[in-house]
Amino acid sequence: MDALTEDKNQGLVERFFIFWDKIGILLVFIVVCVIFGILNPVFFNPLNIINVIRQVSIIGVMAVGMTLVILLGLIDLSVGSIVAFAGIVAAGFQVKWGGSFFLSLVIPLLVGAGIGFFNGYVSTKGGIHPFIVTLGSMSIFRGATLLIAQGKPISGMSPAFRFIGAGMIGPIPFPVILFLGCVIIFGIMLRRTVFGRYIYAIGGNQEAALLSGIMVDRVKILTYTILGTLSGLSALILTSRLNSGELVAGQGYELDVIASVVIGGTSMMGGEGGVYGTLIGALLIGVISNGLNLLGVQPYWQMMVKGTIIILAVLMDRMKRRFRTV
Amino acid sequence: MDKTFNNGDGILQFENVTKRFPGVLALDSVSFDVLKGEVHALVGENGAGKSTLIKIVTGVYQKTSGSILFQGKLIDYQNPHEALRNGIAAIYQELNLIPALTVAENIFMGHHIRNERGFIDWKKMREEAQKLIDFLEVDVEIDAKVGTLGVAKKQVVEIAKALSLNAQILIMDEPTAALAKKEIETLFRIIKFLKSKGVTIIYISHHLDEIFAISDRVTVLRDGKHVATNNTATLTIDDLIKMMVGRKLVEQFPHMDHQVKDEVLRVENLKRKGVLHNINFSLKKGQIVGIAGMVGSGRTELLRAIYGLDPLDGGKIFVKGDEVNIQSPYDAINLGIALLPEERKTQGLVLLLSVTDNIGLPSLTKISNRGFIDDTKLNHITSEMVQMMNIKTPSFHQKTMFLSGGNQQKVVLGKWFARECDIYLFDEPTRGIDVGAKIEIYHLMNKLIERGAAILMVSSELPEILGMSDQILVMKEGKITGTLTRQNANQEEVLKLAIGGGHLNGRSD
Chain A
1 MDALTEDKNQ GLVERFFIFW DKIGILLVFI VVCVIFGILN PVFFNPLNII NVIRQVSIIG
61 VMAVGMTLVI LLGLIDLSVG SIVAFAGIVA AGFQVKWGGS FFLSLVIPLL VGAGIGFFNG
121 YVSTKGGIHP FIVTLGSMSI FRGATLLIAQ GKPISGMSPA FRFIGAGMIG PIPFPVILFL
181 GCVIIFGIML RRTVFGRYIY AIGGNQEAAL LSGIMVDRVK ILTYTILGTL SGLSALILTS
241 RLNSGELVAG QGYELDVIAS VVIGGTSMMG GEGGVYGTLI GALLIGVISN GLNLLGVQPY
301 WQMMVKGTII ILAVLMDRMK RRFRTV
Chain B
1 MDKTFNNGDG ILQFENVTKR FPGVLALDSV SFDVLKGEVH ALVGENGAGK STLIKIVTGV
61 YQKTSGSILF QGKLIDYQNP HEALRNGIAA IYQELNLIPA LTVAENIFMG HHIRNERGFI
121 DWKKMREEAQ KLIDFLEVDV EIDAKVGTLG VAKKQVVEIA KALSLNAQIL IMDEPTAALA
181 KKEIETLFRI IKFLKSKGVT IIYISHHLDE IFAISDRVTV LRDGKHVATN NTATLTIDDL
241 IKMMVGRKLV EQFPHMDHQV KDEVLRVENL KRKGVLHNIN FSLKKGQIVG IAGMVGSGRT
301 ELLRAIYGLD PLDGGKIFVK GDEVNIQSPY DAINLGIALL PEERKTQGLV LLLSVTDNIG
361 LPSLTKISNR GFIDDTKLNH ITSEMVQMMN IKTPSFHQKT MFLSGGNQQK VVLGKWFARE
421 CDIYLFDEPT RGIDVGAKIE IYHLMNKLIE RGAAILMVSS ELPEILGMSD QILVMKEGKI
481 TGTLTRQNAN QEEVLKLAIG GGHLNGRSD
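Chains as they are written, first to last, in the numbering used here: chain A, 1 to 326; chain B, 1 to 509.
No lab work stands behind these hints, which were simulated from the structure alone.
Only a predicted model underlies this, so the values are computations on that prediction, with no experimental measurement involved.
Beta carbons: idealized from backbone N, C-alpha and C, even for Gly.
Heads up, incomplete: computed chain A residues facing chain B, CB under 8 Å, no partners named:
1) F195
2) R197
3) E207
4) A208
5) G271
Non-contacting residues of chain A with respect to chain B, defined by C-beta distances greater than 10 Å in every case (computed):
6) G24
7) V28
8) F43
9) F44
10) N45
11) F101
12) L109
13) G151
14) K152
15) S158
16) G170
17) Q302
18) M304
19) M316
The shape of chain A in the complex, shown without the other chains:
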């Protein structure tokens, strides 16, 4: 009964980290909300709450996809550029190239999927670290965006297209529904499907996964393709909301996306975490910006706070690991 006794012998510190692992970030989130609510009651106004969720939707949709990639122990830096490129393509089909409404929805998603596939294929089959490959894509597709747009944003979307980013279903903004929909779909996917289990297995131990007959490269490529597609979806939301395909769209988004995942408790080493944590991580980032805005704090502070939280989140993850390996 070794296993039994080992489990019972955990000290207080270890118990704390196990507890933290389960609901720690949720606790932090609630505490932060309560503090902001006390300092400024407007914070808990339903309109404000919905506003916060809507603001994080664009980042959140990508963060769901990024969670899968990070669960594999990999990374993607190109998501911001995918947003810009797919966004300009969407706007182009709406305004310039006379595409149908349908094409302006589908093509940006396919463009995102294609770039994701490229990232996954080149990094696995070419044996190049995804950090490098996606750093390359980040630059390639930012450049491609500028090239297509010839230096000018493309504006003036149809009302139907504008619904994606600005529409409401009842009191709830459509982007919020898209975001929460992604969380639920991929939450179920991770927990209930073979593909989901394969992601955890590869992230936890790639060699054991390979020896168990999992086609590791295929899972990785598919996962990058999913993230690319979701980045395409974010591009639709952003372009629609701004009513314009912007050249600088999505710049720096990769940081917020990765931060949401990491703060949500998914380990950069892979194999541990999930999309529900990412939901909280994304909301926490949104709440902090919103709360500090309501308190009239300079935006510069927000960046510093965000950076500090990221480092603390990773530190907690490391401590957790250290206490577990005994």
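For this one, chain A is given, so just place chain B on it according to the hints.
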């Protein structure tokens, strides 16, 4: 046997050195002396304790009890660096050199020659490096990047590095493993030369012919115990093998005779450059075939090649009579082949995942519907396996990292039991687990055979090979040097085929 060499010239003296790892007694009160200026060979089967002893001398491990005297003084190094500074250097099979740096810089790595202002004195360092290379009378360019050199020259660099630190004792662990015949001659010339300069060499090798060619005295270890230290010249290879084997086989192996049926796996002329040479054998339903051989003889590589992990350079594989092309483990599993790898923690299990997840992993596609896992079936399989394997776990959701070694191995076994394959490739199925769990695993292997499977088992434990196999293949240097049946196999026979010198080879079918 005799210990008549305690004549006071001992440069390195072991007195009751004991090393205990959790659950294993790796060294049991080992005592012997190494004399100044001799070439002292250290031999023993895999797991006899040679490496552990060397790692204790060089400070990689710390001994549990006993004492070691170096030049008459008690030593207890805490790390290899300390040992090196004091004059004990070890050269391992994996050389510790930095490929992108030059020969000269590698020789002086960690003790760069500096000028009075603290900067590296390149001129002096190159001069000193050249002197060392000249001293060894070898042809190595000191400005060459180490990465561009062959193994033999890299070894020379390691030796020069040890000499630059005035090493008194030079330990060589399987130095000839990757060398060609001519390079071995050069190495032996250097060893003799160093000996003439008063350097003491401790030489570890599986190749007994080398032991006789180069060593003055030889110490035999077996199961962590000191068996004998003798003048090499007074021994024969057969004496040495007898001392290495020693023990009688205890009847702890529940071997069962089964009806051997159709051939399920046949391998013809399997080749992998530098690793496997013309491997031929066949495996039949109901049969356990053991593969014996020393570490590095190509046993694991053979299993990996069959399982699609390493590409082949030639040869054919037949499964149930049909020629197959296995490109990946995915292909292998679909053909009914399972591999239980050597390292359960790094290869067999996903430690972060639960017992259920690990057991289910290879079977998920079989128990899912349009990609969705059938949890009822998964739980059913898990509970069946946990019961059958007698896995001790507080719950199915326990992460496997928290289980004991034996229970972890049973999870690995369970995951492949559940997948229901026809051919099981076992690599060191009982390494590092206690006797009780070992016997349980043997019984489970029998159960697989009863179910109609065939097993190909690599093991470093000869008793296990002899006790469980219906047929034994012996490998040496990537070749099958002999095939023995259960009836005519014994430890000495297997060892002769696995390590014996040229004149002992010749008993292959």
